[in-house]
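Listed here are the chains, written in short residue letters.
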Amino acid sequence: QVQLQESGPGLVKPSQTLSLTCTVSGDSISSNSYYWSWIRQPAGKGLEWIGHIYTRGSASYNPSLQSRVTVSVDTSKNQFYLDLTSVTAADTAMYYCASVPSAVAGKSDTFDIWGQGTMVTVSS
Amino acid sequence: DIQMTQSPSSVSVSVGDRVTITCRASQDVSSWLAWYQQKPGKAPTLLIYGASSLQSGVPSRFRGSGSGTDFTLTISSLQAEDLATYYCQQTNSLPLTFGGGTKVEI
Numbered sequence: 009q010v011q012l013q014e015s016g017p018g019l020v021k022p023s024q025t026l027s028l029t030c031t032v033s034g035d036s037i038s039s040n041s042y043y044w045s046w047i048r049q050p051a052g053k054g055l056e057w058i059g060h061i062y063t064r065g066s067a068s069y070n071p072s073l074q075s076r077v078t079v080s081v082d083t084s085k086n087q088f089y090l091d092l093t094s095v096t097a098a099d100t101a102m103y104y105c106a107s108v109p110s111a112v113a114g115k116s117d118t119f120d121i122w123g124q125g126t127m128v129t130v131s132s
Numbered sequence: 013d014i015q016m017t018q019s020p021s022s023v024s025v026s027v028g029d030r031v032t033i034t035c036r037a038s039q040d041v042s043s044w045l046a047w048y049q050q051k052p053g054k055a056p057t058l059l060i061y062g063a064s065s066l067q068s069g070v071p072s073r074f075r076g077s078g079s080g081t082d083f084t085l086t087i088s089s090l091q092a093e094d095l096a097t098y099y100c101q102q103t104n105s106l107p108l109t110f111g112g113g114t115k116v117e118i
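So the protein lines, in turn, are chains Z and E. The opening position of the first sequence corresponds to residue 9 in this note's numbering, with each subsequent residue numbered one higher. The opening position of the second sequence corresponds to residue 13 in this note's numbering, with each subsequent residue numbered one higher.
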């Protein structure tokens with residue numbers, strides 16, 4: 009069973025870069041069974057998809073964040089990453105990483121396993 | 013972007029009640045619709061995918077239906093552990109988008 013764990017600083021200053029790591033256990037991140045995603049949720053609000061990283065290293069991003077976001081992967085560490093530049097208070101949120109089944113009919117682009125989330129506050 | 017609209021935004025119910033939550037897409041998403049449950053302080057969990065397929069391990073009292081632009085999540089007999097916020101998500105096209113959530117209060 010795949011498990012995911014987010015890590016990273018809980019406090020980031022405005023205009024700086026938010027960098028998070030998601031560590032995958034229970035399967036190889038290079039497995040053809042999944043690709044990998046980031047989602048965020050401001051306190052008391054709804055969910056926003058940030059972006060996917062695919063096993064071949066290509067990525068898709070939410071256009072609302074595309075100019076500031078990079079999702080990358082390190083297969084040797086079984087980790088994938090989120091970098092969000094030029095952050096403001098509006099980027100304060102719980103950040104989740106999740107797995108996306110790539111070979112199950114009907115499950116494309118669903119998030120079937122989530123990490124517990126990591127809270128990031130943008131403040132000086 | 014496809015906009016997802018859920019109703020109601022909150023509902024107060026009793027144990028044993030039948031609960032119905034609706035989700036409407038701003039354009040046709042066929043059956044590319046998922047439902048999630050988020051309990052307080054926890055990450056969301058997948059309940060339903062493909063509009064009506066039950067995720068493994070999810071109790072059969074949860075049922076999804078609909079296609080096109082109109083979808084429904086039904087809890088046939090609410091249990092106390094079903095206290096949560098429920099989100100729909102379209103998986104038809106990028107960017108992936110979620111509804112605003114429906115909070116189920118016991």
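In short, the hints are calculated from the structure, not lab data. No residue lacks a Cβ here, since even glycine has one placed at the ideal position from N, Cα and C. Some hints here could point you the wrong way.
Here are the in silico distance ranges between beta carbons for each label pair [claimed, not checked]:
# : chain 1 : residue 1 : chain 2 : residue 2 : range
1 : E       : S26       : Z       : S94       : 44 to 52 Å
2 : Z       : G18       : E       : S89       : 36 to 44 Å
3 : Z       : T31       : E       : S68       : 21 to 29 Å
To give an idea of the interface, some chain Z residues facing chain E are shown, with a C-beta separation under 8 Å as derived from the structure [unchecked claim]:
# : residue
4 : G65
5 : A67
6 : S68
7 : S116
8 : M127
9 : T129
- Can you name, in rising order, the numbers of the hints this structure does not satisfy? Checked against the structure, the hints that fail are numbers 4, 5, 8, 9, while the rest are satisfied.
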